[in-house]
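Everything in the sequence shown is counted per the working numbering, starting at 14 for the first residue and increasing by one.
Hints were generated in silico from the structure; no laboratory data involved. Incorrect hints may have been included.
With a Cα cut of at most 30 Å, we get these calculated DSS-like pairs of lysine-lysine [claimed, not checked]:
1) Lys250 x Lys295
2) Lys49 x Lys124
3) Lys56 x Lys172
4) Lys56 x Lys126
5) Lys153 x Lys190
6) Lys172 x Lys210
7) Lys252 x Lys190
8) Lys253 x Lys172
9) Lys126 x Lys252
10) Lys58 x Lys252
11) Lys126 x Lys49
12) Lys153 x Lys35
13) Lys210 x Lys124
14) Lys190 x Lys295
15) Lys126 x Lys210
16) Lys230 x Lys58
17) Lys270 x Lys190
18) Lys153 x Lys250
19) Lys230 x Lys126
20) Lys296 x Lys253
21) Lys295 x Lys253
22) Lys126 x Lys153
23) Lys124 x Lys270
24) Lys58 x Lys270
25) Lys210 x Lys295
26) Lys126 x Lys190
27) Lys172 x Lys126
28) Lys172 x Lys190
29) Lys252 x Lys230
30) Lys253 x Lys270
31) Lys126 x Lys60
32) Lys153 x Lys295
33) Lys172 x Lys153
34) Lys296 x Lys250
35) Lys270 x Lys295
36) Lys210 x Lys35
37) Lys153 x Lys60
38) Lys60 x Lys296
39) Lys190 x Lys210
40) Lys58 x Lys35
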Amino acid sequence: MRYSLDDIQAPIAAEMQEFETKFRQSMQTRVMLLDKIMGYIIKRKGKQLRPMFVFLTAHTVSADPTAPLPEASFRGAALIELLHTATLVHDDVVDDSNYRRGFFSINALWKNKIAVLVGDYLLSRGMALALENDDFDLLKIVNNAVRELSEGELLQIEKARRLDITEDVYFDIIRQKTASLIASCTAVGASSAGADKATVERARLFGEKVGMAFQIKDDLFDYGTAEIGKPVGIDIKEKKMTLPLIHALREASWLQKRRIIYNVQNNDGRSDRVQAVIEFVKKSGGLDYAIECMTRFRDEALEILNTFPESPARTSLAQLIDYTIEREK
Numbered sequence: 014m015r016y017s018l019d020d021i022q023a024p025i026a027a028e029m030q031e032f033e034t035k036f037r038q039s040m041q042t043r044v045m046l047l048d049k050i051m052g053y054i055i056k057r058k059g060k061q062l063r064p065m066f067v068f069l070t071a072h073t074v075s076a077d078p079t080a081p082l083p084e085a086s087f088r089g090a091a092l093i094e095l096l097h098t099a100t101l102v103h104d105d106v107v108d109d110s111n112y113r114r115g116f117f118s119i120n121a122l123w124k125n126k127i128a129v130l131v132g133d134y135l136l137s138r139g140m141a142l143a144l145e146n147d148d149f150d151l152l153k154i155v156n157n158a159v160r161e162l163s164e165g166e167l168l169q170i171e172k173a174r175r176l177d178i179t180e181d182v183y184f185d186i187i188r189q190k191t192a193s194l195i196a197s198c199t200a201v202g203a204s205s206a207g208a209d210k211a212t213v214e215r216a217r218l219f220g221e222k223v224g225m226a227f228q229i230k231d232d233l234f235d236y237g238t239a240e241i242g243k244p245v246g247i248d249i250k251e252k253k254m255t256l257p258l259i260h261a262l263r264e265a266s267w268l269q270k271r272r273i274i275y276n277v278q279n280n281d282g283r284s285d286r287v288q289a290v291i292e293f294v295k296k297s298g299g300l301d302y303a304i305e306c307m308t309r310f311r312d313e314a315l316e317i318l319n320t321f322p323e324s325p326a327r328t329s330l331a332q333l334i335d336y337t338i339e340r341e342k
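Use the sequences and the hints to build the structure in full.
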């Protein structure tokens, strides 16, 4: 890894510390059980890439990249975190998942009913935060991302039943499921800093390209041995068609294709069938093709980023792009 997160965060170190305090305050409640769960959620925080994208983008588009960020940037970052956390809590209920990033999920500790209500609370808290401060533009951006995320999940479920996902459909799914969230971070960052609509759209498109590269990298982990918090082959076990497999099947003979699809549809968690699919993808050039696509999205993101004036924040955003596609977990 060329850059550490501490290095990338350097231009916004003060903002990240301030955000943590403000985010904790936004999660406080007078209901004891809810307050306990909110504290647990805060302790499980990950790399905090989303607020990093918000703050770095806000500085990058600002007329004065070194000036303190407006309060709207902090509210925008909190809004994204609240609504995104809500979707994760609900996802764990839907997937009957007991773990999230190596920690017990909310539904595992407090059961499904409470988890659903906690997700609902987070959604309402995020909306209230925006509405109380008239942050309608920010709410519109994030609401659109949550809608796209839900549509992407449903599209993937629909296609997984028939395993008929083409490359174009795959790109639609990851654009909605993953890229839309990172795009909302960069759009919120630009909008909160007072950028005009054209600049906000440019920032949004930049984030979308980064998100596409990010998800392809995540899909590649399914075929390797990196310790990333999910077992190798889990996407295959769950019958998810990702880019390496889609490309490999496109290049396969009719007989090969039939055999591999059978192994995906009927793997029943059997490691031999999952491993057969993994080996097929590797030998068919599926990984190389996915890396090529990931690199293309990275390059397109950098091209957009370089249209903004040079600054320490812009440099960190470029490093953050490299971080997303070079990470080992």
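* Taking the numbered hints from earlier one at a time, note which ones the structure violates and give those numbers from smallest to largest. => Structure breaks hints 3, 6, 13, 15, 18, 19, 23, 24, 25, 32, 38.
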